[in-house]
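S.K.: In case you want the letters, here they are:
There are 2 protein chains.
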Amino acid sequence: MAETFVIAQGGGPTAVINQTVVGATLEARKRFPGARVLGALHGIRGIRDGHFVTLSELSDEQLRAVAATPGAALGSTRDKPDDAYCESILDGLRKVGADAFVNIGGNDTAGTQAILADASSGRISCIHAPKTIDNDLVENDHTPGFISAAEFVAGAFLSLDLDFRALPGVYVGIVMGRHAGFLTAAAAAWSLDEYSAPHLVYVPERTFERARFIDDVRATMSRHGRCIVAMSEGVVGANRRSLVEELVPPEMQERDQHGNIRLSGTDLGQAVERMLAEDLPRTRARVDTFGYLPRGNIATINEDDAREAFEAGAFAIASAEKGAGSAALHHSSAGTIFRLVPLSEVAGKTRHMPSDFLHPQEDRVSEICLRYLARLVPRKFAAAKPFV
Amino acid sequence: MAETFVIAQGGGPTAVINQTVVGATLEARKRFPGARVLGALHGIRGIRDGHFVTLSELSDEQLRAVAATPGAALGSTRDKPDDAYCESILDGLRKVGADAFVNIGGNDTAGTQAILADASSGRISCIHAPKTIDNDLVENDHTPGFISAAEFVAGAFLSLDLDFRALPGVYVGIVMGRHAGFLTAAAAAWSLDEYSAPHLVYVPERTFERARFIDDVRATMSRHGRCIVAMSEGVVGANRRSLVEELVPPEMQERDQHGNIRLSGTDLGQAVERMLAEDLPRTRARVDTFGYLPRGNIATINEDDAREAFEAGAFAIASAEKGAGSAALHHSSAGTIFRLVPLSEVAGKTRHMPSDFLHPQEDRVSEICLRYLARLVPRKFAAAKPFV
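Protein sequences, first through last, are from chains B and W.
The numbering of the first sequence is this note's numbering, which starts it at 1 and goes up by one.
The numbering of the second sequence is this note's numbering, which starts it at 1 and goes up by one.
Keep in mind that the hints were calculated from the coordinates and are not lab data.
Which residues of chain W face chain B? A partial, calculated answer using Cβ under 8 Å:
#: 1; residue: S159
#: 2; residue: L167
#: 3; residue: G269
Virtual Cβ for every residue (Gly too), placed ideally from N, Cα, C.
Extracted from the complex, chain B is given alone in its bound form (with noise of 0.2 Å):
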């Protein structure tokens, strides 16, 4: 009998997962003439309960198609699984006569994967596909989905500069990213010069201090006229929480079964909009969540994204033969190149920005950060300096 291969896509949805799954069922096809690819839907949920739909049957041209949309096609879940959901998985894998299974996420997915991997002895591959706009996987240089995201944080940035040059005045943009800064550092990415946005970038790798801000806010005003400010989702006080979780009671507070508190809520941009009423009146300010529009916008799909997520998926599929591991993209000369790591390396952890990808003293990304940047998000329109 033909090989059978799963399919899954976990956690939040990006601009390019869906490369990542037609990348693999097109492996498939070419390693394993006449092999099966069953997409489940809405993740590992979609095994247990027996929901597939069959990737294989689609022509070339179809699965082209998908691979062209942003979004989690086959569905997603944040469901994590106890044992018993475990067990209940690997039924469903072996139901299909499953032979490998690719499961697209971030850390909590590759966890998953390492829990199935043990579980079935080996029987099943169990490959992690690595998935993120936060770019937080350690292991790789960074993440399908990430690129595209971040282009959208440069070119936003980039725009609202333009913008507040124009009408003056301070702007915070609110980013996604729960433990780490870096699409919020992306923010600097196609940054005019020096003296253009982001003036102040804020991290969940630095503390937030609110006298230090509005100090901060106070004196690029003066300098600039205007003061843009990048602040992710989960910038965290004194104590270490984060600011949300300080300022949204108790009741109101919404967790994921993992444990996760919502951050994507409306209370950040809020508080720091009172932080600045009161303690810079008179002043026109003005902060916005951006929330979910970076994550799988379709205006900004970047195509070396694309290639990426596509050639993650094929190598997951070319994987599965060496049993269980985690796909991940290493840097080199020649480019991104895909190396199979142990599970456990990725399972669970998470990767910060490098301390200096912030600069020192100042609450700003640093060179190293920029020519990061640069190579993963190069600037893509030009722009001419403004009269004013």
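Fit chain W to the given chain B structure using the hints.
M.R.: For chain W alone, kept in the frame of chain B given last:
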């Protein structure tokens, strides 16, 4: 002595307002060799204070680079001139020997031009060139700046629909628009089909009722498993006051010189989030305020919009010999054509969405609205329908 033209920008920047500046400058150069074109910095304030840049000294290449850049390169202002201020503007125009003054902006800007035209007794041609992402100028089929902003909104809602198919829930995106719902309606421009986002649309033209909103969200969730809502920042309650005005304590309300209350805050988003948490507990709900992201975003500059904005500037210069007036975009079978209409026809008036742009019973846009949007903002990206 050669002709002298003054150009200024007023109100919020857009993705293509600089095209209008450059269209005017290049047209002046073509029609009146040796003409001097002065750009006023920060709008009428720059004329009053004698702050200009000499645009006619720039090369075509430099000007084209400015044109391609979003934001208002000359700077803008929201000053509402009183009689003395108007007199100082006229003084400023006379001081530089202006033969014509092209002021780019919305209906407030048209109002300024009407006052100046009267006060100068026709000695200086005061032309209004249209600009607004709100698309709310009477006498215009649509306005430069709208299409690019609409393209951002259209792509965002298509993308958000795909995101919330994968991880079901309620999403509300709040879109700029004080009195007119055109930009919010643009959320429907790239909808995949009648089951796709936006499922509900709330605009200033129709009264918002909380109970009906909640009922409709609940019904949509049970029908489609997700509910994507497009809401104007300017939605009004039963008493025809804006929700923001009702929600924000008077001491926190901020108004501009035109008496307009600031809507671009976090208050409406937070209020909607609370409504959903109270009335639909245990339903995943997310609210983002798009805020400034659509208005001059470098990632979604639409080519037709850029061309028309350029032509609006050129037409303004070509019309200057006829005296005062407002350049208006008219739709014809041959595409967009320009007409000069009396300033009084445009000044201070707001174009609302025609009532037949909304479904008579449901809070959705109508087929007529979809056809209008399809003409202006044709679908730019293909998207495959997800499996879930």
